[in-house]
Amino acid sequence: MKQYAYYPGCSLESLALSYHQSSLESARELGVDLQEIEDWNCCGATSYFHVDELLAHTLVARNLALAEKEGLDFVAPCSGCYKNAYFTNIHLQEDPDLADHINFALAADNLHIDGTTQVKHLIEVFIDDVGLEEIEKTVTRPLKGLRVAPYYGCQLVRPKKDDEDVENPQFFEGLISAIGADPVDYGTKTRCCGGSLIITNRKAALDMVYELLQDAANRNTDVIATICPMCNINLEVYQRQVNREYGTDFSIPAMYFTQLLGLALGVAPGRLGIGKELVSMAPTLLFSQSEQVGDRAGER
Amino acid sequence: MATELTFSEEISNLLYAAEGNPINTCIQCGTCAGTCPAVEFMDHTPRVLIGMIGANLRDEVLNSNTFWSCSSCYHCTVRCPAGIDITGLMYALKRYSMWKGQYQEDLIGPEFSESFVKMIMRTGRSFEPVLAPTYVTKYGTRGMIEEARTASALFLKGRLPMLPKKIKGIENLRQMVKRIIPVGGPS
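Just so you know, the sequences run in chain order A and B.
Here the first sequence is numbered in our numbering, starting from 1 and rising by one per residue.
Here the second sequence is numbered in our numbering, starting from 1001 and rising by one per residue.
So here's chain A without its partners, still in its complex pose (with noise of 0.2 Å):
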């Protein structure tokens, strides 16, 4: 079973708690590991670097110092941490200046970071270690006709990072053909949600999300998927007051794609935190929940 050093990030122990379970229980079933790192604190989110980037730095540091301690890969489920952490690991490799200076602030707690780590978003523990085939074999409840957006949001696809598609990628297509659902193709699933301009700039984030609700409505999208809280957040918790400030009608589930994942595993919708959304996920469950009587079951 492989072992990650698994920073889960603030977000999933309030707002997003159901993606918190949902990616324990997927990984469990996948027989991966996720090691909570013990103490670890705020990443810095993007406000932190509005005020000081090597206090940022820093930050993100500890995190990964202690990941480093445990001798574990770093995996990450929200966009923001990854890309933190991604960016400051890369930098601390790259950059001794940067790495003295940050070893000198870790050495307060007794910490060091060599940069032996590396750091993975969990979307990328799934398909690139365990891997889709693993995926499909182990799934027993396709998803089969239900239509899934895939959402790639920002900071998990950007910056660019070696040779990765950031105009189109096509990874999380793959994830959900391979949970026996239909990707839906459509044109701003890069684009962003708003981030925390949902607090800052309220009606600029209310437009941003109101373009990719727009955008996934066309496609008659039945579900969108998400691979970060923030745009879990801004899409279901914001819903409401987009269609009060549009006058639109908009009911489109946004659920973590590791809910969905789960849920073609087989495991039981409470346990993936279902129930907890303020738009209703309950027609999705209908498309797993059919398949019981279905031909893959009927083998197990």
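These are computed hints drawn from the structure, not numbers from a lab.
Since the structure is predicted, the reported quantities are computational estimates derived from the model, not experimental observations.
Be a bit skeptical, because a hint or two may be false.
[Said to hold, decoys possible] Derived lysine-lysine pairs resembling DSS-like cross-links, with alpha carbons at most 27 Å apart:
#1 A/LYS276 to B/LYS1166
#2 A/LYS120 to A/LYS69
#3 A/LYS120 to B/LYS1138
#4 B/LYS1157 to A/LYS276
Put chain B on the given structure of chain A with help from the hints.
Here is chain B on its own, set in the frame of chain A:
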């Protein structure tokens, strides 16, 4: 004798690992403005703002809401044909304007960022309810009612814990911060 830096050079110096002054390499093509999902809420498009920095229009730049309307999505950065990290530039402008205390009065961003940092120094983790008072009053009556409705709906679903968590190593975390900036810490 040291020569005084221009505004454009000051900002460029705040960009991590930048060589030379990237602002001068802008070809004013407008790809950033065409890509930005928040552009219609900015008083100057990113393209215009970069031109203004190049022209050292310091006060006009600092009084613009453009960089505080940036959601840090990096879409402009990955598309810029001149390879300018425009999102990084927006971050640099936010930091500069906070240091100088010069920004539009009605903005929520600067105050929110400051409260956020203080909160992390107190507990080590982010906790939304603690931050709310720093911005909800700026939403107006209708906005505050809307916010209260959302919060109570989330609470009923068990998504809003009552108390913030404090990490065990908070004292050591504060010591770390003091090693980076001697005056760091909660105020």
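- 27 Å Cα cutoff - pair B/LYS1157, A/LYS276: holds, 5 Å
- Message: Next pair to validate is A/LYS276 with B/LYS1166; report whether the Cα-Cα distance is within 27 Å.
- Response: holds, 25 Å
- Sort out whether B/LYS1138 lies within 27 Å of A/LYS120, counting only the CA atoms. violated, 38 Å
- Query: For the pair supplied as a hint, A/LYS120 and A/LYS69, is the alpha-carbon distance within the 27 Å limit?
  - Reply: Cα-Cα ~17 Å, so holds.
Consistency note: the structure conflicts with earlier hint 3 alone.
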